[in-house]
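A.B. asks: These are the residues of each chain, in order.
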Amino acid sequence: MTRLRVVAAQELRDLWLTGRGLPLILAYAVLLSVTSYLVASNRALNFLEQREAVGLTLQVGVGVAALLVLVVAADAISGERERGTLESLLLTPAPRWVLLAGKGLAAMSLWLVAYVVSVPYVWYLARGTGVLGRALVAGLGVGTLIVLFLCSLGLAISTVTGSNRVALSVSFFLLLAAFFPTQLPTAAQSGGVADVLLRVDPVTAGLHYLSELVVRGRPAGEDLGWLVGPIVLAVAAAAAACTVGARMSLRPGRRA
Amino acid sequence: MPPAIACTGLSKSYGPRQAVQPLELEVEPGTLLGFLGPNGAGKTSVIRILTTILTPDAGAFTVAGVPHDRPAEIRRRVGVLPESAGYAEGQTGEQVLTFFARLYGQSGTQASATARELLDLVGLAERARTLVAGYSRGMRQRLGIARALVNRPEVVFLDEPTLGLDPAGQRQVLQVIGGIARQRGSTVVLSTHLLAEVEEVCDRVVILNAGRVVADGGIDEVARVAAAPRQGRVRLPADSVAAGLRVLSASPEVARIARSEARDEIVVELREGLTPAEAGPRILRALLDADLPVLAVELDRGRLSDAFLTLTADT
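Which chain is which? The protein sequence lines are A and B, in order. Count along the first sequence starting at 1, add 24, and that's the number in our numbering. Each step along the second sequence adds one to the number in our numbering, with nothing skipped, and position 254 is 246.
Please keep in mind that the hints were generated in silico from the structure rather than gathered at the bench. Glycine included, every Cβ here is placed at the ideal spot set by N, Cα and C. No false leads were mixed into what you were given.
Partial list, computed: chain B residues near chain A (C-beta under 7 Å):
id	residue
1	V72
2	P74
3	F91
4	R94
Starting from the given sequences, assemble the full structure and let the hints guide the process.
C.D. replies: Here it is in structure tokens:
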């Protein structure tokens, strides 16, 4: 575990002191400010109910943070490969899954910081609604599951692809695919197959649960079934990423 | 004591191209081995196999006495300056070395001490807290060598450590490499294109061509195997040159003689297969036996470059 801590600490320093962490979070804060302003304005015009404004802001926060984490995760190994820094890491006795997990932890830190940044916005929009507590708790839980799933996916893709550009493109495509069911017309979201799809996709299932809890005010335990997909897939994706990471090589496709 | 490196039947292919032909190699501990070959000869592939970055298609090897089926243990005992040694530009030299020392299991305090010691060894102590982004190419190479030493390795692999350096940078890096073998007692495998480097610092040379060892031995020995005929000059007083020509033309060590433009000098070409070390004393003895007052006998040393070009001529 010491090596995991060493790798994670190094990656955190790289991300936050000299890397893209701060600019990405700054952009995130600007985007959340604009979104919050727009939903607050709409609420004043009675276009959006106050709870809906909170739910929407949370969903945007989770979605954008997931994108940021995915970008960092997809660059984690393929970026090292392109910069010529991977070989030196592979030459150390540190297990390869540890290298991957350390990078994953650093990428996940973006989500935690993004979540903290989103708290004041949610607090402002949720004043007087009584949903602040559950919105923050559910947002953290659901967001962590979705982000863990996408981060693991990004890391695995980054490990097996030869170029950074391909890793980023494939990851971005998968992110869009994961969000796609949320954009389906309401009519298309009903029925057996659609229901399975919505429940299996961690993004749609997680955001649905969040919406039921925050916007409709349903009890937390009532829709827990919607979290089965996100929990199972987040854990499975993390395990798959570690398995793929253990076989990490200098050139993807060549055994090492 | 087990050999520092021992491999038998090691081979590696990339698709239809065989990068490493079945390779047999044994290197004694403490050797400074020059690993030569033209581009694409398979040097980097061999180094990557021996450092467990690549898996061979066939064959077996041990490094520092550890068999190839224990790659993590091999990695613990070797140090490597890879061909493409990149660095995190936002870290200082000290941070780079401390991080790697910690990956080898050293505590924070030990790792810091190791980093300072190695930066001093490679002459970067004063730039320890400078970002790597501000390092010259030579400084980066020296930092890479320091990184290869953080675990006090028994075997050090250096892949093109002087590539792209100016003569002063090459000189500094070579001094560091010589020091690794002498002071630390490590076995060093130096892969390079620069033959002068090998002649200067190495005890033994292996020439690889098209994935196959085409020469292996001491530098003089390898040079003798394939080198062009050696030349030399014998200086005598001007009135003894004619007698000298007679003696040398009868000498079995000499293939050809010619009078130099300098009045007191004879140019000799040695018989093929003879080294200067073998021929020099015999020529001198023949001249002295003829009562000739010899002023000097200078024989060209066998040149590794000749051997290299001859042995790799078909690529």
